[in-house]
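Chains as they are written, first to last, in my numbering: chain A, 245 to 434; chain B, 245 to 434; chain C, 245 to 434; chain D, 245 to 434.
Do not take every clue at face value.
Because identical chains share one entry, a pair is satisfied inside a single copy or across any pair of copies.
Quick list of in silico lysine-lysine cross-link-like pairs, BS3-like style, CA-CA up to 30 Å [to be verified]:
no., residue 1, residue 2
1, Lys-411, Lys-383
2, Lys-325, Lys-383
3, Lys-325, Lys-347
4, Lys-253, Lys-347
5, Lys-295, Lys-347
Worth flagging that the hints you see were computed from the coordinates, not collected in a lab.
There are 4 protein chains.
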Amino acid sequence: MARPRSEDKRNALLAAAVQVFAEDGISAPTARIAKVAGVAEGTLFTYFSTKDELLNQLYMEIKRELREAMLSTYPRAADIKQRASHVWREYVDWGLVNVDKRKVVAQLAVSDRITDDTRAVASAGFAEFQSMLQESMAKGVLREHPPAYVGAILVAIAEATMDFMLKEPAAADQYRAAGFEAFWRAVASA
Amino acid sequence: MARPRSEDKRNALLAAAVQVFAEDGISAPTARIAKVAGVAEGTLFTYFSTKDELLNQLYMEIKRELREAMLSTYPRAADIKQRASHVWREYVDWGLVNVDKRKVVAQLAVSDRITDDTRAVASAGFAEFQSMLQESMAKGVLREHPPAYVGAILVAIAEATMDFMLKEPAAADQYRAAGFEAFWRAVASA
Amino acid sequence: MARPRSEDKRNALLAAAVQVFAEDGISAPTARIAKVAGVAEGTLFTYFSTKDELLNQLYMEIKRELREAMLSTYPRAADIKQRASHVWREYVDWGLVNVDKRKVVAQLAVSDRITDDTRAVASAGFAEFQSMLQESMAKGVLREHPPAYVGAILVAIAEATMDFMLKEPAAADQYRAAGFEAFWRAVASA
Amino acid sequence: MARPRSEDKRNALLAAAVQVFAEDGISAPTARIAKVAGVAEGTLFTYFSTKDELLNQLYMEIKRELREAMLSTYPRAADIKQRASHVWREYVDWGLVNVDKRKVVAQLAVSDRITDDTRAVASAGFAEFQSMLQESMAKGVLREHPPAYVGAILVAIAEATMDFMLKEPAAADQYRAAGFEAFWRAVASA
DNA sequence: AATGAATGAGAATTCATTCAT
DNA sequence: AATGAATGAATTCTCATTCAT
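Using the sequences plus the hints, can you model the full thing?
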């Protein structure tokens, strides 16, 4: 395992990977990524020992960034619906701004090149949100189901919602609001 | 006349593609598919001119089959919630039985090798279900949103639900029921 | 060796071969030829056992046709320069009319798929012209050289001449005349 | 800096291409060329992006070499016939020594894989010789024709002559001398 | 550590030829 | 005999990874 000297170069490679994978799918050649990052083909391999390593790191990195975004302004003291609404909004807005990253994660998520370990690490970061959601479900239909399931439903509805927001930007605000209402009724209603 | 092109062989190739792609991802080599289908490497190309063509045909075929499954016992006369429930159940159960096909569609859906045309044809088959769903939304939070959005939410929640049903088979029935309730509250509640 | 039933089909295949090879070179697939000829892919092989066989037959056929053209109106009784001039003109004009055949022969001639046997048979047909040429050389610089050499020079100059006639059609007549004069001086002058 | 691209390797590949193409025609596989050149199959493609590129480069290279040979000892000050004779001799002798290259150029010249650009570049190198030839024609039958035509006739007669020199090596000297005389009478006689 | 040339195992086609109909 | 699907060896080119500089 190499001890990369420059954090900048690593970031440049990850950013280039996002761009290239978004354009051409995760089967795009590493050489293209290196070129976009402005480094030599071989250099990529001192930062990521294999392409699969790059794929896995990239997956974790993007998930981490998403969590960061959701966390940055998280109103820990607010009431439950407000907190849920905050998470919803941060998630959806992050997805709209980071179209490429979202596209790439979608491909990585269904790829068998992402290991179970990576998936575990990536989802661990969202535990806090899930336990929050659990609270909200106390009286809902899903009260007996694991928090991860509610989290999955939030993500599922949010992803569907983003697709429509992107397709009809003029109605984006309505979609965002209606999507959250739908989610909230789904999981929290008495 | 020479040997006629065989529908059986075409089906064998599609079935082999499902198996191989489920195992190794859609980047698996065509040679493997031909071998599993029991035909020569070149034969695949008399049925599908390119690998992309195979991918697109496969996508449409699986979607068609799913629709077939949802349609076969569709209770046109039943009340709305029953019809929605029927669709839900057929969809979810099809996904549980056809694990490989579901896995492959998931990859195809995010791949840019599937053309817009193919996507259009594939989703056209579900128009009927969507208009049915629209009825159910008449009084819900989504009443002003397009039926396709409600369809997307159904699919989204169903997919999340299937994942948990497969992870915890013992609780499968509860998940299926709770998932539908969640969906119904999300879209139909007053 | 097959006993083809229809001479027509054989000719159609040879004509199609000329067209296809002229367009795409002699590496063009046999399937294309069959299609242009209006027969099935496999049928080609009842008329020509292999592609090489087709190539060789085609070479001989075209050479035969060229000889035919040169022979049809050959003025056996005329004086030597007139006979040589006749040969020249027939050759050059045949080449201008049969652009495709000329192009194909050019490729076949340098291909190692044409056997020595085929070459021998093809050139045998031109013996008469060569012995005629020999007469014309009696007093020329080439008087001690084999008639085949003079024949080769005629062909060489004629081919160069045709290229320019095709490039500058307006000057075609001058080229044809000047070319022959050049040839005649080359071989026949005292 | 990494290993620099090696001119030696490029030359080895071109030399190997000559050998392999002379043996088996220009349809010989690139893998054979790489092997003969002593490099990996993929390496060929770092020097020539496609097989067609190799073909075109090879064509230009051989033509350049031929011109070089004709130029190296070109007696600019000598009288016209001597200069023409020099060109003739250099050309013919180059062809006799470089049998393989001559064979390969013959195939390349009639192949449609050689682009018009390549042909233009390759023939540009011979402009000087052609303008020299033009002088020699001042009083000949071809005086009104373009110098390229005279050049083409020289080449045509020379090629025919080489064939006979190779077939009858014992008479090579006579052929070379007679061939030039024939050419000279063809184009320069009053 | 950085570079990019070198490597060689694939991968998707292609195509002459065979053979069931 | 005619048809065209079936065959599978062969071909060009790609690309992750290694390694000389």
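Which numbered hints turn out to be false for this structure?
No numbers; nothing is violated.
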